[in-house]
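Residue strings, one per chain:
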Amino acid sequence: MIDSSSTINDSGGDTSHTPNINMNSVIRPRILLTGLRRSGKTSIQRVIFTKMQPSQTQFLESTPHLTMNQFSCGSFISFQVQELPGQLQVFTSGHNSGIEGNGGQASSYDDDPMQSIISGGYDMERLLKRCNAVVYIIDAQDDYSESILRLNTIIQLGKRLNPRIRYEVFIHKVDQLSDEAKIETQRDIHNQVRDRSADHVGGMDLWSSTSITPNSNPQDILINFHLTSIYDHSIFEAFSKVIQKLIPQFGHLERLLNLLLSTSNIEQAFLFDVQTKISIATDSSPTDMQMYELCCDMIDLLINMSEIYGKPNKNNARTIQDDDDDDEEYINERGNLNDDDDDDENEHHHEWNIESQNETYNENNVPLNEIRSNSYVNSPLSTTPVINHRSAMIETTSEPASAVFDSMSSSVIKLTGGRALYLKEINRHLALICILREEALTRQALIDYNVRQLKKSIIKLFRLNNQLSRPPMPPSNIVQ
Amino acid sequence: MGKSGGGKTSMRSIIFANYSAKDTRRLGATMDVEQSYVRFLGNLILNLWDCGGQEAFMECYFTAQKDNIFKNVEVLIYVFDVQSQELDKDLHYYQSCLESILQHSSHAKIFCLVHKMDLISEDMRETIFAERQNILTNLSKPLQCSCFRTSIWDETLYKAWSQIVYQLVPNVKGLEKTLTNFAEIIDADEILLFEKATFLVISHCTRKAHRDPRRFEKISDIIKQFKLSCSKLTAAFQSMEVRNSTFACFIELLTPNTYVMVVISDPSISSEVTLMNIRNARKVFEKLEKDVARN
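The listed protein sequences derive, respectively, from chains A and B. At position 462 of the first sequence the residue is numbered 462 (the working numbering), and the sequence of numbers has no breaks. At position 158 of the second sequence the residue is numbered 1158 (the working numbering), and the sequence of numbers has no breaks.
Quick caveat, the hints were computed from the structure, so don't treat them as lab data. A portion of the hints provided could be inaccurate.
List of simulated lysine-lysine pairs, BS3-like, C-alpha gap at most 30 Å [as the list claims (entries may be wrong)]:
{"id": "1", "chain 1": "A", "residue 1": "Lys159", "chain 2": "A", "residue 2": "Lys182"}
{"id": "2", "chain 1": "A", "residue 1": "Lys424", "chain 2": "B", "residue 2": "Lys1224"}
{"id": "3", "chain 1": "B", "residue 1": "Lys1218", "chain 2": "A", "residue 2": "Lys311"}
{"id": "4", "chain 1": "A", "residue 1": "Lys424", "chain 2": "B", "residue 2": "Lys1208"}
{"id": "5", "chain 1": "A", "residue 1": "Lys51", "chain 2": "B", "residue 2": "Lys1283"}
{"id": "6", "chain 1": "A", "residue 1": "Lys414", "chain 2": "B", "residue 2": "Lys1066"}
{"id": "7", "chain 1": "B", "residue 1": "Lys1283", "chain 2": "A", "residue 2": "Lys414"}
{"id": "8", "chain 1": "A", "residue 1": "Lys311", "chain 2": "B", "residue 2": "Lys1227"}
No experiment lies behind these values; they were computed from the predicted model shown.
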């Protein structure tokens, strides 16, 4: 942990070998959210991303057309959720596929929700080609045979078009079912999906629900089942797992957290997005649902207490201003996605944005800041897109982070039975929560130090990952 | 006391038995009088009489059981359902109740809770409550009554009960003085004292004006919620520290029956110093508590 530089070099090296993953981090990972009508697609989004009370979701109208939502889960991780209405038939005609040809244009085209809606049909082929994961929602309280049929259509289509898609099946609304019924339903759905998909490929067993290596066998279907409900934390947990698999940095984050665990005598570590309470990474030990819930409640506690006693500090006004800029930034970004030469004005814009971003970090970030601006000044014009992309990644937040969650936010909660929770801010969206024995807290200075190192590493990791198409910075440049 | 289905037992369960608001749906109607003894502040034992509200019982209270029920009452808590269709009947029972109180324990303090406020739309709450409060104060004469609007779904419940409990805490003045002293010594913005089991605020000292007058209830609510989620893990909440760049807040056990919350806004004071100060203050407060117990 102390020697964090080696990890960073590792990660830098890795990413340069996998340009595909790198691309994903720039073009937002896309999640296609679908399922039959009234299965709870909109409710799920509202509860997770706009903090709607679960009881309020019963008043939601059904969604009439394809909607797209951009979400930033932490400043560095952003993704797009496309919600495909349930009552529409799956379109398989390729009347839009002409646009597919020039890939670059299609991506900017795709980013524009208006355009897609105008373009008429919900061209499943195009949606599947462009998405990274399909979240399919099955209403467990309903007769789900029709739903499974539709899921299989999508899987068949997806296998042909984009074999790397992950299928995440949410067996939803399970809050009314007993534990036994839950397991029974999950097994039943699992079997039905498997049988049908096996039928389609001529009875051959190409099923592999546990495969986690994409591309090892193109015919493997990556599918996972989750039991969810919006009335408890299960939906957050399931969505966390979906997101975790889409984050290209996940492996590195996990490794970093494991390292922290072993060096600081910590039992478990989570990296949370404060806003949505999605955990974007955990250590590799199996996670306990109840621990996850407790961590969510701890974030609530921290934010609520901070709202009462933490003054809305002077950064507040600036944050809002930042966010205003973000939108503008984002529009620029969309326009320029394939257009690499930015004008000068834009450049200044970016520079300013980067600096203000760094201001929110603390003293330990200063060296980074320097390097950042140095490299910026020294770099030839060709690096502008890097910064362009990077700032777009950071600043397209759907909502401003809580104004009271700042660089000094931290919390320690001790429980009886010798357990303790430790929370520390990583950046203005992310928080690290550790579960540890109280004895380990006696050396809190060590933990503080290691967490500070981890924080630096995580910030660097994201920064390196965002430098696509450019070789990673020489280590000497980073470690200072 | 109060009408059937008014929410008396729900309220009691949340405050004294760590129920969550959702859990109260499971509660059935209270038959006759349910007595419970609640240990509050260690050696202060509250004897709660939860009186079933069905009319048959109510009649009985004012006739056969009158002596039994209304003798030695320290506090009368009367719960009104804000949505009740039969306001006149409610008021009639309330009046009978007052008469009996006047007769048997005239020194009792009276609290009226206008309950289930969550069912009223946000903008109407203020006017409806003011209206009810008016009726009740007039009706209560010559006795004094304090009215509160409550709901089990938000922090108003804690506000009302904090006030009720406040009347019962022995040596409030001594406690407040010591707390002020302590706050000055450690340079705290605010210190709250909570009862351990209920997390109701029993005393406070504020040295810096705060913008939110409802914060005490909110904090009780926040901590109670967290305690509930801890209990799912069969662990109990012990102590807490929360800070950001503008404040640091500590909740620690002070005496065996109380928790203290210290809020400090000076960032140069380190956690360890404050925690040590709290540890040192324990002796003083424990002594104070013992003195009270002896008297």
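Any of the earlier hints contradicted here, and which numbers? 5 and 6
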